[in-house]
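*Asks:* Build out the structure end to end from the sequences listed, making use of the hints.
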Amino acid sequence: MTRKNIISTSWANGVCRANDININYLRTGGNKPPLIALHGLAGSGACWSQLARALEKDYDVIMPDARGHGLSSAPAHGYTYQDHANDVIELIRTLGIKSPYLLGHSMGGMTAAMVASRLGFAISGIILADPTFISAEWQEGVYESGVVEQHQQILSSTKEALFKEAKAKYRYRSSELLEHIIQARLQTSLKAFDVLIPPNPEFDELIRNIYVPTLLVLGSEGIVSTDTALALHKLNPELQYKLIPDAGHGLPYDEPARLATAVDAFLRPVASSAQRYSNRRYVSSFSASYSY
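When the sequence shown is numbered by this note's numbering, its final residue is 1536 and no position is left out of the sequence of numbers.
For the record, the hints were derived by calculation from the structure and aren't laboratory data.
Heads up, a few of these hints could be off.
[To be verified] Okay, derived cross-link-like pairs now, DSSO-like style, lysine-lysine, Cα gap no bigger than 30 Å in a straight line: (1) K1411 <-> K1342; (2) K1435 <-> K1478; (3) K1486 <-> K1413; (4) K1403 <-> K1435.
*Replies:* Here is the structure:
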């Protein structure tokens, strides 16, 4: 059966050299505010396709494959969150992306938080979709749960068998999206799971050091609880949170429309405020130079 690919033919597919590896990326393009979307573990940039279609009219969505994922390089080592953040920072520098917004899901959410905490006001805003903000005990439990062995079994299976299994388990996900998810899983290096080796970064310290508008999107059945969201808001009043009811951890897969609505509702006023600030800065700079 032939299924339509939901990646648009108008999108660019490029490769960026960063930290001695190749980072593959999809990009919707256009003279629009740039939004860098960072996928979760065993995902790929293509897994953002449904959400990118909903946002591409107003945003230039850049969807990189993390190292060890998709069509990006899979080095023998270097899979900490610090390594992933370094890759994103180098991607931004190499592609000359100015004042991007960051969107990260799961592993990509933690990576986005690290990037934002390091780049400060070079980032315009950040959206974290159920990031891996978990305790040290939870992190250790994930690492010891046999996920690497499970992935080894998946790699020995066929795409057809995996699609049949996924279609039965996730009936509400489109066939097109399931194909991207399965392809991403089969392209994920075993070394990519090294990111699960404890400890996780101290996410509360990361949030404390983010100085731009931040949206934390939660699923009612996801990883991050509303209690955690409230605690993070107290640490950083710039952080807002949005709860999507009856949703789990897979927000970009299961709730792309509601996630896209939350992202757009958050970014529009942020972008307007940034433009007003930019205009005031330009007027001030022009006045100062004119006076002299």
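*Asks:* State the violated hints by number, sorted upward, taking the hints as numbered earlier in the document.
*Replies:* Of the numbered hints, 1 and 2 do not hold.
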